[in-house]
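Residue numbers (the working numbering), protein chains in the order written: chain A, 199 to 459; chain B, 6 to 244.
To give an idea of the chain A side of the interface with chain B (calculated C-beta under 7 Å), a few residues: (1) Arg-242; (2) Gln-267; (3) His-299; (4) Arg-418; (5) Pro-434; (6) Asn-438; (7) Trp-450; (8) His-453.
Below, computed lysine-lysine pairings styled on DSBU-like, alpha-carbon distance capped at 30 Å: (9) B:Lys-174 with A:Lys-219; (10) B:Lys-57 with A:Lys-435; (11) B:Lys-54 with A:Lys-222; (12) B:Lys-142 with A:Lys-322; (13) A:Lys-222 with B:Lys-28; (14) A:Lys-435 with B:Lys-142; (15) B:Lys-28 with A:Lys-245; (16) B:Lys-42 with A:Lys-222; (17) A:Lys-219 with B:Lys-28; (18) B:Lys-15 with A:Lys-245; (19) A:Lys-219 with B:Lys-54; (20) B:Lys-27 with B:Lys-15; (21) B:Lys-57 with B:Lys-134; (22) B:Lys-34 with A:Lys-222; (23) B:Lys-174 with A:Lys-222; (24) B:Lys-54 with B:Lys-67; (25) B:Lys-27 with A:Lys-245; (26) A:Lys-222 with B:Lys-27; (27) B:Lys-34 with A:Lys-219; (28) B:Lys-142 with B:Lys-57; (29) B:Lys-142 with B:Lys-54; (30) B:Lys-42 with A:Lys-219; (31) A:Lys-435 with B:Lys-42; (32) A:Lys-435 with B:Lys-67; (33) A:Lys-322 with B:Lys-135; (34) B:Lys-54 with A:Lys-435; (35) B:Lys-34 with A:Lys-435; (36) A:Lys-245 with B:Lys-13; (37) A:Lys-322 with B:Lys-134.
Note that these hints are calculated values from the structure, not bench results. No residue lacks a Cβ here, since even glycine has one placed at the ideal position from N, Cα and C.
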Amino acid sequence: MSTHSTGTREEWLAARLDLLKSEKELTRRSDELARRRQELPWVRVDKEYRFDTDEGNATLADLFRGRSQLLVYHYMFGPDYAAGCATCSTIADGYNGFGVHLANHDVTLSAVSRAPLAKIQAYKRRMGWTFPWASSSGNDFNFDFNVSFSEQEQREGSIEYNYTRGGHAMDETTQLPDIVIQNAAMCGTDGLTYTRDRPGMSAFALEDGVIYHTYSTYARGLDGLWGMYQWLDRAPKGRNEAELYETGGMWWRRHDEYTKS
Amino acid sequence: MTKTDLNKHKVVTPDEWLEARKKLLIQEKEFTQLRDKLSRQRRELPWVKVEKEYVFEGPKGKETLADLFEGRSQLVIYHFMFAPEWEEGCPSCSFWADNFNSIVIHLNHRDVTFGAISRAPIAKLNAFKKRMGWTFKWVSSGNNDFNYDYHVSFPAGVPKEGLEYNYGKLQIDSPDLPGVSVFYKDGIGNIFHTYSAYSRGIDIFNTAYNYLDVVPKGRDEDNFEFSMEWLQYHDRYDR
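Work out the full structure: start from the sequences and follow the hints.
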């Protein structure tokens, strides 16, 4: 780091102005992508899903809580996990703080996981979170939106995650990446059980009593929705984890698991 | 709560949707790659040595810019708009703070110290922070030039035209504007300014807006006089 080039404010400014052009272009592309997302056609959701929530048995329509848009974070918490995914936890730390703003802009943000409601409630209490979190235990919701997969699909290699078959690090079944094993251990489960659930985000619209699926994103599509990385991307060392990946390490922990430093 | 009717939208079969979604996915992946590339270019910017001594008022007394690093080598500052004469911090910056408050602990474990800096006196910052239930470090630059040097505060009594913000000359009607600045401290205590972003350059730090960018109505602010008209302090929304 100490070998980094330094300059006067004027030299820095010249380089910064160059970069600013590219940054503005990226912002405009982001706006353009948001428009295209809104232009995507919708798919009517005809299936009846029943969820377990803090308020009792609920339909998908109930999860909207009177608003016309529902954003579901597919939180990795399989029925056999002892705790919710630690990586998803760092994403949840972000939306737990701003969900109230979305709620006042006609968007209900809810997490959904396959773990039974009692497990979800205990974990949510431990983490001090307040966002709504429903259990899809006993329905096909997670399978239909491509974030949970069966042992058979895993064995056959027929998992389609992020709109493609195979190719994702979590699709590996023999030589599991260390980061998967570490994440699995932090959830008190094994790697294969851990990767039968995957992270994602799905959007729904409710209009005249009819529910439509409008959008889903997975894998690195979640990167922009993961607050901490946008900040790290500005720090001099960036995400600063390439070496850690080589040695299989994972730097983040649940917010109550860091040792004081 | 704002409630705009969704336009009658095109509805298709799952297969047709999938085809359209996969096309969009290609563009989304390009965007992610472009963002990674920009992050690399950002880190290639030269650095500027900070020669000035800044002393801030913190919750426990005076602190220098070096102190704010708290033993880590990277410091990210959110320039929170809170002018000395204001009774509350800016509502938009409060929205940004609701986004970053809970992720500071994770940044700390990647050698990044995070703090907010405003010109309002420390007593006002402490009181507002307590009301909002935030835990991030927040210090006052009320007695130094920090905010002016990093182009987020503007002196009274000079022509409003031609003040520098976001690397351009603008007519500025607010005493403070938002921004993010990044600093690096080397092993022998030299401090360098590495990066600053303003205006929509800090859009990406507001994760909530990125969430709105994936819902059917998007940001849904076109019918307002100003974009964030719908926004309130998190403790002021109707239940």
